[in-house]
Amino acid sequence: DTEVTQTPKHLVMGMTNKKSLKCEQHMGHRAMYWYKQKAKKPPELMFVYSYEKLSINESVPSRFSPECPNSSLLNLHLHALQPEDSALYLCASSPKGVADTGAQYFGPGTRLLVL
Amino acid sequence: DQQVKQNSPSLSVQEGRISILNCDYTNSMFDYFLWYKKYPAEGPTFLISISSIKDKNEDGRFTVFLNKSAKHLSLHIVPSQPGDSAVYFCAASAGFGNEKLTFGTGTRLTIIP
Chain G
1 DTEVTQTPKH
11 LVMGMTNKKS
21 LKCEQHMGHR
31 AMYWYKQKAK
41 KPPELMFVYS
51 YEKLSINESV
61 PSRFSPECPN
71 SSLLNLHLHA
81 LQPEDSALYL
91 CASSPKGVAD
101 TGAQYFGPGT
111 RLLVL
Chain V
1001 DQQVKQNSPS
1011 LSVQEGRISI
1021 LNCDYTNSMF
1031 DYFLWYKKYP
1041 AEGPTFLISI
1051 SSIKDKNEDG
1061 RFTVFLNKSA
1071 KHLSLHIVPS
1081 QPGDSAVYFC
1091 AASAGFGNEK
1101 LTFGTGTRLT
1111 IIP
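Line by line, the protein sequences are chains G and V.
Note that this note's numbering has the first sequence beginning at 1, numbered continuously upward.
Note that this note's numbering has the second sequence beginning at 1001, numbered continuously upward.
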């Protein structure tokens, strides 16, 4: 299994809703990432989990809450989002240690629309 | 403060010819560079990378060149194929395996049959 999967592919939510994005990889990678990408912009790093511990939080608002239940799964819990949070949310993973290739491997993304 | 810049938002190249995509960076701490390709409705796909100890890395039709003194890198695709039409992002990190990648703004490459 050489891919990162993300569910759902599309999500529409109201500003009072609570929803979660899910990311899974079975490549044995020990770092997992959440990125946000707006139209015609580069991906922006949000969070990094390294060996299941949060290692980077790029000053993301608390309405985004990441969770890494185990080394294969990464969730992003969403609550009270704003319309400007509408974007493509990308998950990525990378090997660590001797297996490290220096690259991150991305999933297809979840396109989120906040109404 | 855009530390990684791709100054050409778009590029059109005839099929079979060479495509050259450029990227400039300002942060002298960056020493590992990557190129990603992105189709619509898909995540970025890793293409090729280069460490600052090299000035060239080749993988099939893709070659990346690094000019450290000019803080410039380029991706050459030869020969260009219709399936190469996509948005290309360069990315940089301060150190191999550094978890923090900084992406450029992207160049949309269109290959004309």
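Don't read these hints as lab results, they were simulated from the structure.
Idealized CB from N, CA, C, for every residue including glycine.
Any given hint could be a false lead.
Stated by the list, open to error - Taking CB as the label site, the calculated pair distances span:
no.: 1; chain 1: V; residue 1: His1072; chain 2: G; residue 2: Glu44; range: 39 to 49 Å
no.: 2; chain 1: G; residue 1: Gly28; chain 2: V; residue 2: Asn1027; range: 42 to 52 Å
no.: 3; chain 1: V; residue 1: His1072; chain 2: G; residue 2: Ser65; range: 21 to 31 Å
no.: 4; chain 1: V; residue 1: Val1078; chain 2: G; residue 2: Thr16; range: 28 to 38 Å
no.: 5; chain 1: G; residue 1: His26; chain 2: V; residue 2: Gln1003; range: 11 to 21 Å
no.: 6; chain 1: G; residue 1: Asn17; chain 2: V; residue 2: Lys1056; range: 17 to 27 Å
no.: 7; chain 1: G; residue 1: Lys22; chain 2: V; residue 2: Arg1017; range: 22 to 32 Å
no.: 8; chain 1: V; residue 1: Leu1011; chain 2: G; residue 2: Gly28; range: 12 to 22 Å
no.: 9; chain 1: V; residue 1: Pro1040; chain 2: G; residue 2: Thr5; range: 17 to 27 Å
no.: 10; chain 1: V; residue 1: Asn1098; chain 2: G; residue 2: Gly28; range: 33 to 43 Å
no.: 11; chain 1: G; residue 1: Pro61; chain 2: V; residue 2: Arg1061; range: 17 to 27 Å
Said to hold, decoys possible - Cross-link-like lysine-lysine pairs, in silico, BS3-like; alpha carbons within 25 Å at most:
no.: 12; chain 1: V; residue 1: Lys1056; chain 2: G; residue 2: Lys36
no.: 13; chain 1: V; residue 1: Lys1005; chain 2: V; residue 2: Lys1056
no.: 14; chain 1: V; residue 1: Lys1100; chain 2: G; residue 2: Lys41
no.: 15; chain 1: G; residue 1: Lys40; chain 2: V; residue 2: Lys1056
no.: 16; chain 1: G; residue 1: Lys36; chain 2: V; residue 2: Lys1068
no.: 17; chain 1: V; residue 1: Lys1056; chain 2: G; residue 2: Lys38
no.: 18; chain 1: V; residue 1: Lys1056; chain 2: V; residue 2: Lys1071
no.: 19; chain 1: V; residue 1: Lys1068; chain 2: G; residue 2: Lys22
no.: 20; chain 1: G; residue 1: Lys38; chain 2: V; residue 2: Lys1054
no.: 21; chain 1: G; residue 1: Lys38; chain 2: G; residue 2: Lys9
no.: 22; chain 1: G; residue 1: Lys40; chain 2: V; residue 2: Lys1005
no.: 23; chain 1: G; residue 1: Lys22; chain 2: G; residue 2: Lys53
no.: 24; chain 1: V; residue 1: Lys1068; chain 2: V; residue 2: Lys1054
no.: 25; chain 1: G; residue 1: Lys41; chain 2: V; residue 2: Lys1005
no.: 26; chain 1: V; residue 1: Lys1056; chain 2: G; residue 2: Lys22
no.: 27; chain 1: G; residue 1: Lys96; chain 2: G; residue 2: Lys38
no.: 28; chain 1: G; residue 1: Lys22; chain 2: G; residue 2: Lys36
no.: 29; chain 1: G; residue 1: Lys36; chain 2: G; residue 2: Lys9
no.: 30; chain 1: G; residue 1: Lys53; chain 2: G; residue 2: Lys41
no.: 31; chain 1: G; residue 1: Lys19; chain 2: G; residue 2: Lys9
no.: 32; chain 1: G; residue 1: Lys53; chain 2: G; residue 2: Lys40
no.: 33; chain 1: G; residue 1: Lys53; chain 2: V; residue 2: Lys1100
no.: 34; chain 1: V; residue 1: Lys1100; chain 2: V; residue 2: Lys1054
no.: 35; chain 1: G; residue 1: Lys41; chain 2: V; residue 2: Lys1054
no.: 36; chain 1: V; residue 1: Lys1068; chain 2: G; residue 2: Lys38
no.: 37; chain 1: V; residue 1: Lys1100; chain 2: V; residue 2: Lys1056
no.: 38; chain 1: G; residue 1: Lys40; chain 2: V; residue 2: Lys1100
no.: 39; chain 1: G; residue 1: Lys18; chain 2: G; residue 2: Lys38
no.: 40; chain 1: G; residue 1: Lys53; chain 2: G; residue 2: Lys36
| Going straight from one Cα to the other, do Lys53 (chain G) and Lys41 (chain G) come out at no more than 25 Å? | Distance of about 28 Å is beyond 25 Å: violated.
| Outcome for the supplied range 17 to 27 Å, where the beta carbon pair is Pro1040 (chain V) and Thr5 (chain G) | 19 Å, holds
| query | Taken at face value, is the distance from the CA of Lys38 (chain G) to the CA of Lys96 (chain G) at most 25 Å? | reply | 28 Å, violated
| query | Are the Cα positions of Lys1068 (chain V) and Lys1054 (chain V) separated by 25 Å at most? | reply | Distance ~9 Å between Lys1068 (chain V) and Lys1054 (chain V) Cα, so the pair holds.
| query | Are the Cα positions of Lys36 (chain G) and Lys9 (chain G) separated by 25 Å at most? | reply | At roughly 14 Å apart (the allowed maximum being 25 Å), Lys9 (chain G) and Lys36 (chain G) satisfy the hint.
| task | Starting from Lys22 (chain G), check that the Cα of Lys36 (chain G) is at most 25 Å away, please. | result | Status holds; Cα separation ~14 Å.
| request: Quickly compare the C-alpha distance for Lys1100 (chain V) and Lys1056 (chain V) to 25 Å and report which way the hint goes. | output: 23 Å, holds
| field | 25 Å limit on alpha-carbon distance, applied to hinted pair Lys40 (chain G) and Lys1005 (chain V) | value | Roughly 13 Å separates the two Cα atoms, so the pair holds.
| task | Using the beta carbons of Val1078 (chain V) and Thr16 (chain G), state whether their distance is inside 28 to 38 Å or not. | result | 53 Å, violated
| Holds or violated: Lys53 (chain G) to Lys1100 (chain V), with C-alpha atoms at most 25 Å apart | 15 Å, holds
| message | Against the range 22 to 32 Å, how does the distance between the Cβ atoms of Lys22 (chain G) and Arg1017 (chain V) compare: consistent or not? | response | 42 Å, violated
| request: Compare the distance between the alpha carbons of Lys36 (chain G) and Lys1068 (chain V) with 25 Å, and conclude whether the hinted pair is satisfied. | output: 29 Å, violated
Checked against the numbered hints above, the structure breaks hints 1, 2, 3, 4, 5, 6, 7, 8, 10, 11, 12, 15, 16, 17, 19, 20, 26, 27, 30, 32, 35 and 36 and satisfies the rest.
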